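Order-wise, the sequence lines are chains A and B. In this text, residue positions in the first sequence follow the numbering used here: the first is 533, and each later residue adds one. In this text, residue positions in the second sequence follow the numbering used here: the first is 747, and each later residue adds one.
Just so you know, the hints here were simulated from the structure itself, not pulled from any lab data. These figures come from a predicted structure and were not determined experimentally. Every residue, glycine too, gets a C-beta built ideally from N, C-alpha and C. Just so you know, not all the hints are guaranteed correct.
Residues of chain B placed beyond 10 Å of chain A at every Cβ, according to the derived structure [to be verified]:
| # | residue |
| --- | --- |
| 1 | 761 |
| 2 | 763 |
| 3 | 764 |
| 4 | 773 |
| 5 | 780 |
| 6 | 789 |
| 7 | 790 |
| 8 | 791 |
| 9 | 809 |
| 10 | 837 |
| 11 | 848 |
| 12 | 856 |
In silico EDC-like links for lysine to aspartate or glutamate, alpha-carbon gap of 20 Å or less [to be verified]:
| # | chain 1 | residue 1 | chain 2 | residue 2 |
| --- | --- | --- | --- | --- |
| 13 | B | 825 | B | 785 |
| 14 | B | 788 | A | 595 |
| 15 | B | 791 | A | 630 |
| 16 | B | 791 | A | 559 |
| 17 | A | 573 | B | 753 |
| 18 | B | 845 | B | 803 |
| 19 | A | 596 | A | 554 |
Okay, here's what each chain looks like letter by letter:
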Amino acid sequence: GAVVSQHPSWVICKSGTSVKIECRSLDFQATTMFWYRQFPKQSLMLMATSNEGSKATYEQGVEKDKFLINHASLTLSTLTVTSAHPEDSSFYICSASEAFFGQGTRLTVV
Amino acid sequence: RKEVEQDPGPFNVPEGATVAFNCTYSNSASQSFFWYRQDCRKEPKLLMSVYSSGNEDGRFTAQLNRASQYISLLIRDSKLSDSATYLCVVNLLTDSWGKLQFGAGTQVVVTP
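The following block holds chain A by itself, in its conformation from the complex (with noise of 0.2 Å):
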């Protein structure tokens, strides 16, 4: 079974409005999460990666303020989009460790 469950799979929203992605760790504790976005035929980019109990470390590029990280517990790690635009619509990805991936979420933003 799945060791990294994300959540939702799948979501639209209007501009303006934010949406909260959760990604928790099932059958072990996570310190550190990394969250990916995938544009369509493109490779997954790092947005951030995710301390428990601290700040997240965000890559060159990418708005902290915009894409807000909590990860609160050592099994849940959350990512909520800000005012999204429908620049931001993509496949949003967060895994533990090389081998455990969410099954990420499509967001599209109309």
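Add chain B to chain A, keeping to what the hints say.
Here is chain B on its own, set in the frame of chain A:
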């Protein structure tokens, strides 16, 4: 220049045939290497790690050439279920998974 480059394909392969493809990476400090498969609209799944001496996992064989900075994947006796996009991934760190660099993938289509 992309960190990891792959031929996007598609590679159309008759069932039972062999297909092979490469990927190149730009950072000579890359520490570890992987192949993943990704089905349409799904998360990537780790297929196999790639070791310096080359390694095999069933019908899949991976090779690493550090001098030329490329890795390869060969699939023998292709099955219809092998149809997917294969992602080449390199890790720049030895003690963390936080620097995985993904290629955009090579699409393989196995036909009956």
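We went through each hint and held it up to the structure:
Every CB of chain A lies more than 10 Å from the CB of residue 761 of chain B, the least distance being 25 Å, so the non-interface label holds. For residue 763 of chain B, the shortest C-beta to C-beta distance to chain A comes to about 25 Å, beyond the 10 Å cut-off, and the non-interface label holds. With a minimum CB-CB distance of about 26 Å to chain A, residue 764 of chain B clears the 10 Å threshold, and the non-interface call stands. The beta carbon of residue 773 of chain B is kept farther than 10 Å from every beta carbon of chain A, the shortest such distance being approximately 14 Å.
At roughly 6 Å from the closest C-beta of chain A, the C-beta of residue 780 of chain B falls inside 10 Å, breaking its exclusion from the interface. A cut-off of 10 Å between C-beta atoms contradicts the statement that residue 789 of chain B is not in contact with chain A; the least separation is 4 Å. Taking the minimum C-beta to C-beta distance to chain A, about 6 Å, the non-interface status of residue 790 of chain B is violated against the 10 Å cut. Its closest Cβ contact with chain A, about 7 Å, brings residue 791 of chain B to no more than 10 Å, contrary to its assignment away from the interface.
Residue placement check: residue 809 of chain B keeps its beta carbon more than 10 Å from all beta carbons of chain A (closest about 19 Å). With a closest Cβ-Cβ approach of about 7 Å to chain A, residue 837 of chain B is found to fall inside the 10 Å limit, against its non-interface label. Non-interface status of residue 848 of chain B relative to chain A is broken: a Cβ of that chain comes within 10 Å, the nearest being about 4 Å off. Under the 10 Å C-beta cut-off, the non-interface status given to residue 856 of chain B relative to chain A holds; the minimum distance is some 20 Å.
For the hint linking residue 825 of chain B to residue 785 of chain B, the alpha-carbon distance of about 15 Å falls within 20 Å, and the restraint holds. This hinted pair does not check out: residue 788 of chain B and residue 595 of chain A have alpha carbons roughly 25 Å apart, beyond 20 Å. For the given pair, residue 791 of chain B sits about 9 Å from residue 630 of chain A by alpha-carbon distance, which is consistent with the 20 Å threshold. The hinted pair formed by residue 791 of chain B and residue 559 of chain A meets the criterion: a straight-line CA distance of about 18 Å does not exceed 20 Å.
Our distance criterion of 20 Å between C-alpha atoms is met by residue 573 of chain A and residue 753 of chain B, whose separation comes to about 12 Å. Restraint check: the Cα-Cα separation between residue 845 of chain B and residue 803 of chain B comes to about 25 Å, which exceeds 20 Å; the hinted pair is violated. This hinted pair checks out: residue 596 of chain A and residue 554 of chain A have alpha carbons roughly 17 Å apart, not beyond 20 Å.
The structure fails to meet hints 5, 6, 7, 8, 10, 11, 14 and 18 from the earlier list, while all remaining hints are met.
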